[in-house]
Structure formats: structure tokens, C-alpha cells
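> Here is what each chain is made of, one letter per residue.
Number of protein chains: 2
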Amino acid sequence: MTVNLPLPQKDQLKPVKGFQMGIAQAGIKKANRKDLLVMTLVPGSQVAGVFTLNRFCAAPVQVCREHLAQNGERGEILALVVNTGNANAGTGEQGMKDALATCKALAQDLKLNPEQILPFSTGVILEPLPIEKIINNLPKAVADLDEDHWLDAAQAIMTTDTQPKASSVTVQTSSGPVTMTGICKGAGMIHPNMATMLGFIAMDAGFAPGLLAALTREVADLSFNAITIDGDTSTNDSFIVMATGQATVDIQSVDDENYSLVRKALITLAQQLAKMIVRDGEGATKFITINVGGGKTVQECRLVAEAVAHSPLVKTAFFASDPNLGRILAAIGYAGIADLDVNQVQMWLGDVWVAKDGGRNPDYQEADGQRVMQTSEITVKIDLGRGSAQQTMWTCDLSHEYVSINADYRS
Amino acid sequence: MTVNLPLPQKDQLKPVKGFQMGIAQAGIKKANRKDLLVMTLVPGSQVAGVFTLNRFCAAPVQVCREHLAQNGERGEILALVVNTGNANAGTGEQGMKDALATCKALAQDLKLNPEQILPFSTGVILEPLPIEKIINNLPKAVADLDEDHWLDAAQAIMTTDTQPKASSVTVQTSSGPVTMTGICKGAGMIHPNMATMLGFIAMDAGFAPGLLAALTREVADLSFNAITIDGDTSTNDSFIVMATGQATVDIQSVDDENYSLVRKALITLAQQLAKMIVRDGEGATKFITINVGGGKTVQECRLVAEAVAHSPLVKTAFFASDPNLGRILAAIGYAGIADLDVNQVQMWLGDVWVAKDGGRNPDYQEADGQRVMQTSEITVKIDLGRGSAQQTMWTCDLSHEYVSINADYRS
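Chains as they are written, first to last, in the numbering used here: chain B, 8 to 418; chain L, 8 to 418.
Treat the hints with care, as some may be off.
Because identical chains cannot be distinguished in the list, a pair is counted as satisfied if it fits within a single copy or across any two copies.
In silico DMTMM-like links for lysine to aspartate or glutamate, alpha-carbon gap of 25 Å or less [unchecked claim]:
(1) Lys-37 / Glu-373
(2) Lys-104 / Asp-346
(3) Lys-147 / Asp-262
(4) Lys-36 / Glu-373
(5) Lys-118 / Glu-134
(6) Lys-118 / Glu-83
(7) Lys-388 / Glu-134
(8) Lys-388 / Asp-358
(9) Lys-41 / Asp-151
(10) Lys-104 / Asp-116
(11) Lys-303 / Asp-370
(12) Lys-388 / Glu-225
(13) Lys-363 / Glu-134
In short, the hints are calculated from the structure, not lab data.
Just need the whole structure built from these sequences, with the hints factored in.
What follows is the structure, given as C-alpha cells:
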């Protein structure tokens, strides 16, 4: 059950020079399933990441943060390793040892230092990582390394996702083309058992040290941090951007004429990937865009968008195709803008002007709202009437299927 | 579908001297249904209230706030009027006129000033209040006034509640007994169409002007503000405490020897009523107590309790009787305590110690967690290990029925 989510086609996923992927079946949780992914980068690649703010973050997230701080800008992060089937979260000291042991084993296979490797895990939590299975199968993944394995990589990081998620974008700059390809997984921001949102994007442009970290944070806020299925933040969420520097384009500063072009393409790609997670959201039957404008700050627009996107009442109304618009107004009202003048608030459902100056638009007909509600792609536009800031979020509805998936998962 | 919620019995609901209730059937939304309630107080009664913080608050809430500020401590709020079937919210200027017209009509019937009356509405929003029906039926409600009409009053304020909610407490003080009786409605904190949590408590003790407002806020935070069904805050939520001063007990200050006795009884009664709302929560099959201790501040304990209580993942796990404990840890982790040391966190499910020092308790057996999860009354105890503050919240699970009720309400 996905919402307008086509399967990625292998020939649409462009190789990124200097970036390879190798896959293995390690039998971590189930047999005969791609569950181990190794990715490698040419020396000199810039790597940046954004990680979960959850205080119960998983051991690999802690290791990632450290290795990235040490080596991400020095061009010395040269490999990544991802296992599914086990999140290595809530695993205490042993979890940390296992994450480091994974790095050490892959370092030996690739003749690197363990600090040059970023580890990722996703799957069930509170269970020890089957470290032997991982270590024993790393050589198989390494032997499989190839620039053309994007679709396999997308499949290898899936947990409850019903479809692999991957996309490519190419942008022409004054110094030549830049190719970027990305994969992600999520199926509900969260997987029933605290798996993860994982996102990886590689591009062949070069970046001067220090440029990529700020850009990655900005892109994350506009993409993976702008989607929500159920508001739960996982212990393992990670988003990594890598730049191999193998193209003719080399960006030295944000003032570089090509920076904004590459930035824009990266935002486009990250948003495409992020929206795929919503379209494959647990139980999703509708894809909903919430566009909040007229705010004093982006932050307050975000508060309103999140309040609407998280409201179970709003989400069940979308599921029922019921234009129950008071629920959206109420969510705006409790979003946390203490001095909001509700008489300035306007709200549209698709092209239908529903709430005018804080009350029901006299021209609004319920049949018009009903018509919009019955479509599978719905935009809610809210104008707070107090400034020019704006923020867009994407979410899905709350269905019986969501309850079933999350109630029945382990039984 | 309620969770261990007995029907209130008429003879258990004690009259409060100086406080009368009268009920009418005004046909506001449906015929042959008690939907209009008038309550009167003897002159000199102290009245205090706590109202929704939703910026889209309903017209009657705004009128209540004004009249209460004017007359609540002066002993001149002498009547309240509640209609169900229509929330008079999202109704703009006309809504305000209608709320004031209701006060004016009742003032004429009772020979009071309109400013001596508090109006309340609950029901559908974004629809004009059928003001004629209300005004025409106020005399019937007035003719029905009686100190013994508590059960009828509880029935008259119901919307999607499946049962009336009422309770009485009597406390012995050194100056004689104090009787307090209360009613409330909620059925989900929110009703599908943004009705309301309404709570009214009357007691016969006397209070010096100014004492009751602070006490009412404190009691609300420990009762009606400590419950959640789905995290949505309605446009009409109101909680009113009234003291008629007809008993022999007269409290002059917080240092009065009887103040703490009366305070404690009031908290007990308000918590009884608040828990009834959870037990009748939309789709509820489990009653869940979340007790967070060991915090530096009450506020941070509340953040954690709310994060756990609002998590759809946690709530569906309770519905499924699945001891999926990582979900609770994850909610603790994202609750917003930036410097939380997760290695200090302990968590119990009922009497079973599940998470020890931030990880799985080595002695924990899933069968023990399963045993607790299968009961209908579950306590989650969390120790943050960083202080002595604590906060308790009550909530229910998230079931298929919740989605059905809220998705199907208007179709």
C-alpha cells in the first residue's frame, strides 16, 4: 500500500564516479535477504552527516559522529557499512564494542583504519548485534563492490519498506555536469521496532573542506526533517552526503557560481527521497503537503506544520476523506504561537478557500472540500498573516492499517 | 467500550448546599436529548476557572474569561449555562453575539446581570449556534433547578461520551464536613468534531476571595491537564471550581489548618473525574498510568510523560499487549531533555524492571512484560535518575476503534 510511488528502475540510477557499493546476505534476522551493504569512497572525498537527536541514540550513531568529526573534512572517511535486521540500540557497552568491531573488521578487509569507517544499523532494538554473521560476510560484500549497484544497495537497507527508494539527479554547471544519486529507507519515519530513517547521497562534485557540513544540515531540514509519519523520532536516524570530487566541478566556497546550482539539485534529490518515505508510510493512503506561510519565523511556521501533521484527528479525517476542517484550525490554535491572532489566519484545501480571517469562508461549500479530500495527493495551505516566513512539510494519513502494522508487528 | 468505568449512581452524588442544576431538551442537534444545563449559585460564592490555551478558542470561552475576571472573586458569578450539540467555535463575530445573547436571556430569567453568567458550549464547530432554541428553552431549565440534579446534569453535558461522569467526596475538617461533587465530559479529551473537555466541581466550603484561582490551576495541572487521549487540545476546554460558602467551614488563607485537607480532597475528586474521561477515551481498551520520577523539574518529568503518552507507537503496542519496550525508551529519548544521561534511566512495566541503566535489564524476561501488558490497567514507571521531581499522567491505548470513531464520525 503505497501512494503514487513508482519502483525505481536500475537504468535511471546513475553511477557516481569514485563511489562503489557491495551487498551480501548475512542472515542477520532472516535468511536469503540482502542485509549487509558496504560503500567505499575514493580518498579525498568530503563526507558530512546529520543524526538523530534522540538521547537513546544507537551505538553506531555515536561511532559515526566521532569518526566523522575526526575524518569527514580531512577526506579520510573511505567506507560505510550498513546492516539491517538489528539496530544495535539499547545494547549498552556491548553495542559500542560491536559497532567498533564491525569497523575494525571492514578496515582489515579494505586496508584502512577503523576510524575511516562509518557504521550504520537498523532493525530491532534491545537485542545484541549478531557480530559474527556481519564480520563473516563483510568479505562477500567487499568482493561485490561496483559503481553500478545502487538498486541493490537500496534493497539492502530496506526493513519494513515495501519498496526500495532511490533516485538520481544530474545538474549542468559552468564547469561541467554533476551527477548525484541517493538511496533511503524509512517506511514510517520509524519502523515498528525502532528501525530508522537512513539516507545516503553521493555526488561526483568536489567540495572544499568544511563546506558540506552546513549544506547537509540545511538540506536535511528541507527534506528528511520535513517529513513525518507518526512523530516518533528513531534512535538511529542518519543522513549522509558524500562528494567524491571525481567530476570536473570543484566548489571552493558558497560564493562559487556553481554552489547554488548544486545546492538546489541536492535539495531536489533529498526531497524526492524524503517524499518516497512518506509515500511508503505505514498504512498511508494519502500523500499530504502542508504549506505554512505568512509566519514571522520559519520556526513558527514549522510549529504549525508539525501540529497539523501530527494531529491524529487531522490524519484520521484525511483517511476518511472527510473535510473536517475545524480539526486543522484547532491544531493551528494549539501549535504554540502564543500571540497568534486567529482572525488573520487563512486556510486552503487544495484550491478551495476554506477558512477566511479565522472563521469559515462564507463562500465555502462542503462539496468543494469533499472533492479535494477524495484525491490521493492533498495540499493544505495555511497563511498565518503575520510575516513572510514559510515552511513545507509532508505527511500521510492515519489509517486502520497503521494500527494493524504497529499493533501486530511482533505478535 | 470503557475501561473499568462503573456508571455513577444517583444516591452517591451528594447535593452541595447553595448550588442547583436544571436541565432541558432544547433539540440543539438531536431531538429528545438533554442538551441544555443551567447551574445557579448563592450570592457570595467564589468561582474560578481554567480554560483552553488553544488560540482558536470558542466564543463562550472568551466570554467566560471576561465575566470571571470581573465577578469570580467578588462573589457575583451566580449562574452557568451549558449547551451541547454545538461548540460555538470558529463562528466569528456572530458567535460572540450569540454567547452574549445566551447570557442576557438567562440573566432576564434569573433577574441577574449578563456579566454574572458563565456560558459554555460543546459540540460541532464551524456551525452557527441555534440561539433561538437555547433561549426558548432556558425557562424550562430554570424551572427544573434543584440541588439533587447532579446525575441529570452529568447526562446533559455528554456528547460522544458513552457514560455520564460524576463523583462526590466528603472531607471532615476541624470546622465540620465539606461536601464536593463534580461532573465532567470528554470521551477523548476531544470529541471528533472538536467538542470539549468540560469539568465542573461545586463544594459548600467558603473561601476568602483570591484563594480559589491558584488552587484551581494547581488542581487542573494534577488532573485534567494530566490526561491525554490523542494530544489534541480542543477549542472549548474549561474547568470550573465553585465554593458556595454554605458549610460551616470557611477558609481564609492557605495557612488555614483546613486548607490542605480541602485541597487534597479537591485533587482526589478532580483526578477521579479526569480518569473517567480516559476510561471512556475513544476506542480505549487499556488504562495507562505513566509515572515519571527522578527529574530535575516537574516540567521535564511532564515532557517525558507526555512524549510516552502521545507516541502512537507506544499506544499501539499497549493495544496489542506487546511489550515492545524500545518504543518507550525511544520516546523518553526524544522528549526534549537535551542533557539526559540515558545510562541513568530505569523503567518498570507494572512490577517488572525492564530497562536498567539505559539498557535492557539482564534479568528481564519478555514473558514477565507480556503478563503485565495483558492487563487492562498498566503502570509505566520511569526514573530519570537526575533529581527528585515527579509527574504522573494518565492515558489510554490507540486502537482500531479510535481510527473508526474519528474517521467515520461525519460520514
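> For each hint, tell me whether it holds in the structure or not.
Quick rundown of the hints versus the structure:
Within a single copy, Lys-37 and Glu-373 get their C-alpha atoms only as close as 50 Å, which misses the 25 Å cut-off; across copies the closest is 21 Å, which meets it. For the homomeric pair Lys-104 and Asp-346, the shortest alpha-carbon distance between copies (23 Å) is at most 25 Å, but the shortest distance inside one copy (50 Å) is not. In this assembly of identical chains, the alpha carbons of Lys-147 and Asp-262 never lie at most 25 Å apart, being 43 Å within a copy and 76 Å across copies at closest. Taking the shortest alpha-carbon separations for Lys-36 and Glu-373, only the inter-copy value of 19 Å comes in at or below 25 Å, while the best intra-copy value is 50 Å.
In this assembly of identical chains, the alpha carbons of Lys-118 and Glu-134 never lie at most 25 Å apart, being 30 Å within a copy and 71 Å across copies at closest. Taking the shortest Cα distances, Lys-118 and Glu-83 sit within 25 Å of each other inside one copy (13 Å), while across copies they are farther apart (84 Å). In this assembly of identical chains, Lys-388 and Glu-134 lie within 25 Å of each other by CA distance solely across copies; the values are 22 Å between and 43 Å within a copy. For the homomeric pair Lys-388 and Asp-358, the shortest alpha-carbon distance inside one copy (9 Å) is at most 25 Å, but the shortest distance between copies (48 Å) is not.
Taking the closest pair of Cα atoms, Lys-41 and Asp-151 come within 25 Å of each other only inside a single copy of the chain (12 Å); across copies the shortest separation is 74 Å, beyond that limit. For the homomeric pair Lys-104 and Asp-116, the shortest alpha-carbon distance inside one copy (18 Å) is at most 25 Å, but the shortest distance between copies (78 Å) is not. Proximity of Lys-303 to Asp-370 under the C-alpha cut-off of 25 Å is found in neither arrangement, the shortest distances being 28 Å within a copy and 52 Å between copies. Only within a single protomer do Lys-388 and Glu-225 lie at most 25 Å apart by alpha-carbon distance; the minimum there is 23 Å, versus 38 Å between protomers.
In the homo-oligomer, the alpha carbons of Lys-363 and Glu-134 lie at most 25 Å apart only across protomers (14 Å), although the nearest pairing inside one protomer, at 53 Å, exceeds that limit.
Hint compliance for this structure: hints 3, 5, 11 are not met, and every other hint is.
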